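Student: Go ahead and model the full structure; you've got the sequences and the hints to work with.
Under my numbering, the first residue of the sequence shown carries the number 1, and numbering increases by one thereafter.
Just so you know, the hints here were simulated from the structure itself, not pulled from any lab data. There may be inaccurate statements among the hints.
What the hints assert, rightly or not - Pairs of lysine to any residue, SDA-like flavour, derived with a Cα cap of 20 angstroms:
| # | residue 1 | residue 2 |
| --- | --- | --- |
| 1 | 136 | 63 |
| 2 | 67 | 223 |
| 3 | 67 | 215 |
| 4 | 58 | 194 |
None of these values were measured; they are calculated from a predicted model.
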Amino acid sequence: MPTVAANPYAWPWNGDWRPDNTALIIIDMQTDFCGVGGYVDKMGYDIALTRAPIGPIKSLLAAMREKGYHIIHTREGHRPDLADLPPAKRVRGHGTITIGDQGPMGRILVRGEPGHDIIPELYPAPGEPVIDKPGKGAFFATDLHAILQNRGITQLVVTGVTTEVCVNTTVREANDRGYDCLVLEDCVGSYFQAFQDAGLAMIRAQGGIFGWVGTSADLVAALTTASEPALKGAA
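Tutor: Below you can see the structure in the form of structure tokens.
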């Protein structure tokens with residue numbers, strides 16, 4: 001496979017990314033975060049910034065599905081009884097309504113509620129794992145690491161929201177576990193442009209201290225020009 005143009009240098013460092021060892025991770029593209037009529041939308045935030053990645057992710061998802069790459073989705077949320085919700089997380093922000101309260105699309109960030117689910121545009125296909133995580137990082141209190149190890153995955157293409165919170169936390173967790181992470185700047189989003197810019201800068205700083213930053217166009221171009229045949233990833 002050809003390497004992918006990225007910052008601070010081409011990804012991955014060893015050139016070894018294939019359908020059988022590479023996964024596309026789509027982080028928290030949920031209705032309450034980026035859906036019209038969801039919790040954040042009703043709070044008055046500009047969800048145009050978190051909806052901007054939908055188109056690029058959708059195109060990339062189609063390309064990587066076609067080539068047989070592993071696809072993994074995540075959702076942030078909690079048990080209906082809120083037993084996995086730390087009190088400090090619930091009160092943080094001092095909002096008038098918070099996690100577990102009734103929102104515009106069911107209880108906010110509670111598993112099984114409409115607002116907690118992934119937006120229709122990027123909905124998981126049958127057989128694609130969905131990681132339900134109670135925290136910001138996708139590795140904390142989940143079986144993501146076990147899934148990646150069992151499938152022999154070492155390379156991660158990271159997309160989703162928000163860049164400075166769940167994306168950054170997941171990339172840092174993955175880096176400590178030895179995964180090579182390529183974050184696609186047009187496939188991640190934040191409610192604040194300054195946070196988007198800072199989040200990406202921190203990932204690629206100091207020679208790629210946490211990972212690489214690239215674009216979906218360059219990744220799709222590498223997929224298109226690959227000389228070796230795609231291998232079907234595990235279902």
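Student: Is residue 58 within 20 angstroms of residue 194, Cα to Cα?
Tutor: violated (25 angstroms)
Student: Measure nothing beyond the straight line between the CA atoms of residue 136 and residue 63; if it is 20 angstroms or shorter, mark the hint as holding.
Tutor: Outside the cut-off at roughly 27 angstroms; violated.
Student: Is it true that the CA of residue 67 sits at most 20 angstroms from the CA of residue 223?
Tutor: Satisfied, since the Cα-Cα distance of roughly 8 angstroms is no more than 20 angstroms.
Student: Would you check the hint for residue 67 and residue 215, treating anything up to 20 angstroms between C-alpha atoms as holding?
Tutor: holds (18 angstroms)
When held up to the earlier numbered hints, the structure conflicts with 1 and 4 and fits the remainder.
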